[in-house]
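Chemist: If you want the building blocks of each chain, they are given just below.
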Amino acid sequence: MLYLLIIKLKSMKLFSQKSLSLLVPVLAVVLLLSGCVNQVQQPKTIETIKIGVIAPMSGDAAAYGEQAQKVLDYALPKLNEEAAKSGKQYQFIYEDGKCAGGDAVTAYQKLTNIDGVKFIIGGICSSETLAIAPLTKDGLVLVASPSSSNPALEGASPYTFTFSYSDEITGKTLAKEMSKYERIAIITEQNDFNIGIQKVFLDELKANYPKVTVVANEVFPKGATDMRSTLEKVKKMAPAAVLLNPNAGTANTLAKQMAELKDWTVYTLFGQYAYISETALAAAPELTNGMIIVDAPKINSDELTAIVNEIESTKGPLKDLGVYYTAAYLDDTKIITSLINELGNDPVAVQKALKERTFSGYISNSIDFRNSSFPGVAGGIYKVIDGKAVYQQ
Amino acid sequence: MFFLQILLNSLVVGTQVVLLAVPLYLVYSSSKIFHLGLGATGISAAYALWYGLKAGWSLPMAIMVALICAVILGTLSFALLEKLAKKKEHLFGLLVSFSFGLCLEAIIAIIFGTDGKFFLTTPLPTIRFSDLYLTFPGIATLIAGLILSVLFLVVVAKTPWGRKMKAVSENSYLLDSLSFNAATVRLFVLVVASVLAGFVGIMTTLNSTLIPNAGFNLIVLAFIALLVGGVNSLKGTILSAYIVVLIPELIVGLSSGEYSVSLSWKMVIVFVVAAIFLTWKPNGLLTRKARVE
Chain A
1 MLYLLIIKLK SMKLFSQKSL SLLVPVLAVV LLLSGCVNQV QQPKTIETIK IGVIAPMSGD
61 AAAYGEQAQK VLDYALPKLN EEAAKSGKQY QFIYEDGKCA GGDAVTAYQK LTNIDGVKFI
121 IGGICSSETL AIAPLTKDGL VLVASPSSSN PALEGASPYT FTFSYSDEIT GKTLAKEMSK
181 YERIAIITEQ NDFNIGIQKV FLDELKANYP KVTVVANEVF PKGATDMRST LEKVKKMAPA
241 AVLLNPNAGT ANTLAKQMAE LKDWTVYTLF GQYAYISETA LAAAPELTNG MIIVDAPKIN
301 SDELTAIVNE IESTKGPLKD LGVYYTAAYL DDTKIITSLI NELGNDPVAV QKALKERTFS
361 GYISNSIDFR NSSFPGVAGG IYKVIDGKAV YQQ
Chain B
1 MFFLQILLNS LVVGTQVVLL AVPLYLVYSS SKIFHLGLGA TGISAAYALW YGLKAGWSLP
61 MAIMVALICA VILGTLSFAL LEKLAKKKEH LFGLLVSFSF GLCLEAIIAI IFGTDGKFFL
121 TTPLPTIRFS DLYLTFPGIA TLIAGLILSV LFLVVVAKTP WGRKMKAVSE NSYLLDSLSF
181 NAATVRLFVL VVASVLAGFV GIMTTLNSTL IPNAGFNLIV LAFIALLVGG VNSLKGTILS
241 AYIVVLIPEL IVGLSSGEYS VSLSWKMVIV FVVAAIFLTW KPNGLLTRKA RVE
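Residue numbers (the working numbering), protein chains in the order written: chain A, 1 to 393; chain B, 1 to 293.
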């Protein structure tokens, strides 16, 4: 090749014989070096590492699973670009956890026994992650959930982590905000995530706000479609503030049926993550206007905003997943894959690194798992104004 | 007022169960098979209506499609259950109809997804009487329940058609010899039952949320009502449908404060109530003891 190039240049008479004799060794060195660089960048064998993803792909919370898949589809080429430097590439294998413990365990067993994965991103719902956490105790698999927030995850297994803020923060912040009222009520769906918030909320009120009376503490079955009797009971107790604590799939049904009780308006409405979505708020716009919501902290990052816009324009909306959990998915996959790139497909080594180091990401500049299964992120307070949850503090 | 409001809400739920218990009774009377697939049949018709409205069809057109869907599913049930009814394989018939229901739910979930759907995305319109209120679908359910209950009580007890329906399950060969076609009677009953189930499915989900397994709880309650009321008594079935629904609904609705019983306990109370009634009157609430010759 080099020989042909020299012949060509000679024939074109662009260079003198002397300058050509100088150019030849220079070109030879350059080509040799570029060959060496190529050898470093592209190793002969690429190791494909499978990473399991457990998320609700069907059921009430299916929207979260579908939107999570959009984020992961977006992130994968970038992760592989980085992984290629260390001779690796990643493949995500999705399994449906259906937001339920039993289905998550089935998904976990399929991923670990049949697909042979050693790392799992998921589940989304606390029920999923709580169910699979005990299975990871032997250190053969590491689970990193992007969004499970039940406080029971704290210490559930040394090999289970979550990038969500804890429901403990949500429960305590809600208790603090609602302690301004003497008579309060809480309506909870029978679901791990919601029961977790309810427990922290009630414990916090009992411990730190003894003047507050919980006049109604109602629980309805998971996925219930008619909560009118429950709402009548709460209305009868005339609370000054009501906390709606349903799961995402039931949030709009509960709000709609509450809005049918038109003569019951003298109360302040509080909610959690389920009401951050504009879809849920649109089910009963008059009722939810002014609602106080405790959810994830506000993330101010132009880079993240640009990524969210890009995903939404190319793959569809991320309305239900929201900005925080989109960021959590990006941070989760980036941190886990960077550690695998560095330490190999070894859950024990990656777990050790997670416990020893501090990481920077979109959700926080200081993601720290040293003393907790949670990343140490605080909650945020929002107020619903004109159908949108607007960040307050 | 609070008691009346809870009673009204409970009556709507009770009437939904009555409206599904009646077709369950009709199918049992003509074939001695508990057709547990009726709940899913009703929900399928509701999905057909929802799909039609979402696709921008006119209301009569969407209702027509839902009706056709119910008729097709009724005919399909007949094709599945007829041989078993003829051979008097009643337990096998129960299993087949249950599987038919599960299959329908799975197909709905695959086609439409499992997230909740709404006929109206905003709060339902309501009618108010002083401090009491009812949604439009709730009122329609109460009125339809009253009319249809009386109608079927009269048809079953006082007309030749009702007697024929009962006779076909007792001795279809004898009925055939009298030049009545037992299979036609059973086909007709299954189609009518499926259309009724479709009506209940639409009314129930119009009043709350449309999900693939919305018919399951209803059919379980209707089945319990049929057993408690007595499988051979329509009056008993209607009465027991209200009993097994109203008692738990009132216990949950009227308890409050420190001794509040949450909605999560409802099905537990339903089974306890059913167990008590079945122990007290194992042959049904209104069934008289028959003399064994």
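Since the hints were derived computationally from the structure, they do not count as laboratory data.
Backbone N, C-alpha and C fix where the C-beta goes; we use that ideal spot for every residue, glycine too.
Watch out, some of these pointers could steer you wrong.
Claimed, not checked - With a straight-line cut-off of 30 Å between C-alpha atoms, the simulated BS3-like cross-links for lysine-lysine are:
{"no.": "1", "chain 1": "A", "residue 1": "355", "chain 2": "A", "residue 2": "180"}
{"no.": "2", "chain 1": "A", "residue 1": "388", "chain 2": "B", "residue 2": "117"}
{"no.": "3", "chain 1": "A", "residue 1": "262", "chain 2": "B", "residue 2": "117"}
{"no.": "4", "chain 1": "A", "residue 1": "88", "chain 2": "A", "residue 2": "355"}
{"no.": "5", "chain 1": "A", "residue 1": "383", "chain 2": "A", "residue 2": "319"}
{"no.": "6", "chain 1": "B", "residue 1": "54", "chain 2": "A", "residue 2": "388"}
{"no.": "7", "chain 1": "B", "residue 1": "54", "chain 2": "A", "residue 2": "222"}
{"no.": "8", "chain 1": "A", "residue 1": "315", "chain 2": "B", "residue 2": "54"}
{"no.": "9", "chain 1": "A", "residue 1": "383", "chain 2": "B", "residue 2": "117"}
{"no.": "10", "chain 1": "B", "residue 1": "164", "chain 2": "B", "residue 2": "117"}
{"no.": "11", "chain 1": "B", "residue 1": "87", "chain 2": "A", "residue 2": "70"}
{"no.": "12", "chain 1": "A", "residue 1": "319", "chain 2": "B", "residue 2": "54"}
{"no.": "13", "chain 1": "A", "residue 1": "315", "chain 2": "A", "residue 2": "262"}
{"no.": "14", "chain 1": "B", "residue 1": "54", "chain 2": "B", "residue 2": "164"}
{"no.": "15", "chain 1": "A", "residue 1": "319", "chain 2": "B", "residue 2": "86"}
{"no.": "16", "chain 1": "B", "residue 1": "235", "chain 2": "B", "residue 2": "86"}
{"no.": "17", "chain 1": "B", "residue 1": "281", "chain 2": "B", "residue 2": "88"}
{"no.": "18", "chain 1": "A", "residue 1": "50", "chain 2": "A", "residue 2": "315"}
{"no.": "19", "chain 1": "A", "residue 1": "70", "chain 2": "B", "residue 2": "117"}
{"no.": "20", "chain 1": "A", "residue 1": "319", "chain 2": "A", "residue 2": "352"}
{"no.": "21", "chain 1": "A", "residue 1": "222", "chain 2": "A", "residue 2": "383"}
{"no.": "22", "chain 1": "A", "residue 1": "110", "chain 2": "A", "residue 2": "222"}
{"no.": "23", "chain 1": "B", "residue 1": "32", "chain 2": "B", "residue 2": "117"}
{"no.": "24", "chain 1": "B", "residue 1": "117", "chain 2": "A", "residue 2": "315"}
{"no.": "25", "chain 1": "A", "residue 1": "180", "chain 2": "A", "residue 2": "206"}
{"no.": "26", "chain 1": "B", "residue 1": "54", "chain 2": "B", "residue 2": "235"}
{"no.": "27", "chain 1": "B", "residue 1": "54", "chain 2": "A", "residue 2": "262"}
{"no.": "28", "chain 1": "A", "residue 1": "383", "chain 2": "A", "residue 2": "262"}
{"no.": "29", "chain 1": "B", "residue 1": "117", "chain 2": "A", "residue 2": "222"}
{"no.": "30", "chain 1": "B", "residue 1": "117", "chain 2": "A", "residue 2": "235"}
Stated by the list, open to error - Covered stretches of chain A, going by a simulated chain B footprint (3 or more residues, C-beta under 8 Å):
{"no.": "31", "region": "219 to 228"}
{"no.": "32", "region": "233 to 240"}
{"no.": "33", "region": "258 to 268"}
Chemist: All the hints need checking, so say for each whether the structure fits it.
Modeler: Hints versus structure:
1. Using a Cα cut-off of 30 Å, the hinted pair residue 355 of chain A and residue 180 of chain A is violated, with the two alpha carbons roughly 39 Å apart.
2. Annotation: proposed proximity of residue 388 of chain A to residue 117 of chain B holds, straight-line Cα distance about 22 Å (limit 30 Å).
3. A distance of roughly 23 Å separates the Cα atoms of residue 262 of chain A and residue 117 of chain B; the hinted pair therefore holds under the 30 Å criterion.
4. Our distance criterion of 30 Å between C-alpha atoms is met by residue 88 of chain A and residue 355 of chain A, whose separation comes to about 24 Å.
5. Annotation: proposed proximity of residue 383 of chain A to residue 319 of chain A holds, straight-line Cα distance about 17 Å (limit 30 Å).
6. For the hint pairing residue 54 of chain B with residue 388 of chain A, the CA-to-CA distance comes to about 26 Å; that is within 30 Å, so the pair holds.
7. Among the hinted pairs, residue 54 of chain B with residue 222 of chain A is consistent with the structure: their alpha-carbon atoms are about 27 Å apart, no more than 30 Å.
8. Distance check on the hinted pair: residue 315 of chain A and residue 54 of chain B sit about 24 Å apart at the alpha-carbon level, within 30 Å; holds.
9. Taking the CA atoms of residue 383 of chain A and residue 117 of chain B, the gap is near 27 Å; set against the 30 Å cutoff, the hint holds.
10. The straight-line distance between the Cα atoms of residue 164 of chain B and residue 117 of chain B is roughly 41 Å, outside the 30 Å bound, and the hint therefore fails.
11. Under the criterion of a C-alpha separation no larger than 30 Å, the hint pairing residue 87 of chain B with residue 70 of chain A is inconsistent with the structure, at around 54 Å.
12. Proximity of residue 319 of chain A to residue 54 of chain B is assessed by CA-CA distance (about 22 Å); at most 30 Å being required, the pair is judged to hold.
13. Straight-line distance between C-alpha atoms of residue 315 of chain A and residue 262 of chain A comes to about 40 Å, which puts the hinted pair past the 30 Å bound.
14. Distance restraint check for residue 54 of chain B and residue 164 of chain B: the Cα-Cα separation of roughly 42 Å exceeds the 30 Å cut-off, and the hinted pair is therefore not satisfied.
15. Between the alpha carbons of residue 319 of chain A and residue 86 of chain B the distance comes to roughly 55 Å, so the proposed pair goes past 30 Å and is violated.
16. Only pairs whose Cα atoms come within 30 Å are accepted, and residue 235 of chain B paired with residue 86 of chain B is accepted, the gap being roughly 27 Å.
17. Annotation: proposed proximity of residue 281 of chain B to residue 88 of chain B holds, straight-line Cα distance about 26 Å (limit 30 Å).
18. A distance of roughly 23 Å separates the Cα atoms of residue 50 of chain A and residue 315 of chain A; the hinted pair therefore holds under the 30 Å criterion.
19. Distance hint between residue 70 of chain A and residue 117 of chain B is fulfilled; the C-alpha atoms sit about 23 Å from each other, no more than 30 Å.
20. Of the pairs offered as hints, the one joining residue 319 of chain A and residue 352 of chain A is violated, with about 35 Å between alpha carbons and a cut-off of 30 Å exceeded.
21. About 27 Å separates the Cα atoms of residue 222 of chain A and residue 383 of chain A, which keeps this hinted pair within 30 Å; it holds.
22. With a C-alpha separation of about 26 Å, the suggested pair residue 110 of chain A and residue 222 of chain A falls inside the 30 Å cut-off, and the hint holds.
23. Straight-line distance between C-alpha atoms of residue 32 of chain B and residue 117 of chain B comes to about 35 Å, which puts the hinted pair past the 30 Å bound.
24. Using a Cα cut-off of 30 Å, the hinted pair residue 117 of chain B and residue 315 of chain A holds, with the two alpha carbons roughly 23 Å apart.
25. With a C-alpha separation of about 14 Å, the suggested pair residue 180 of chain A and residue 206 of chain A falls inside the 30 Å cut-off, and the hint holds.
26. For the hint linking residue 54 of chain B to residue 235 of chain B, the alpha-carbon distance of about 39 Å lies beyond 30 Å, and the restraint is violated.
27. With a C-alpha separation of about 28 Å, the suggested pairing of residue 54 of chain B with residue 262 of chain A holds against the 30 Å cut-off.
28. Simply put, residue 383 of chain A and residue 262 of chain A have alpha-carbon atoms about 22 Å apart, close enough for the 30 Å limit, and the pair holds.
29. For a cut-off of 30 Å, the pair hint linking residue 117 of chain B to residue 222 of chain A stands: about 16 Å separates their Cα positions.
30. In summary, the hint linking residue 117 of chain B to residue 235 of chain A is supported, as the alpha carbons are separated by about 26 Å, within the 30 Å threshold.
31. Given as covered by chain B, the region 219 to 228 of chain A passes the check, having 9 residues with a CB less than 8 Å from a CB of that chain where 3 are the minimum.
32. Check result for the region 233 to 240 of chain A against chain B: holds, 3 residues qualifying (beta carbon to beta carbon below 8 Å, three or more required).
33. Proximity of the region 258 to 268 of chain A to chain B, defined as three or more residues with a beta carbon under 8 Å from a beta carbon of that chain, is established by the 5 residues found.
The structure fails hints 1, 10, 11, 13, 14, 15, 20, 23 and 26 (numbered hints given earlier, in ascending order).
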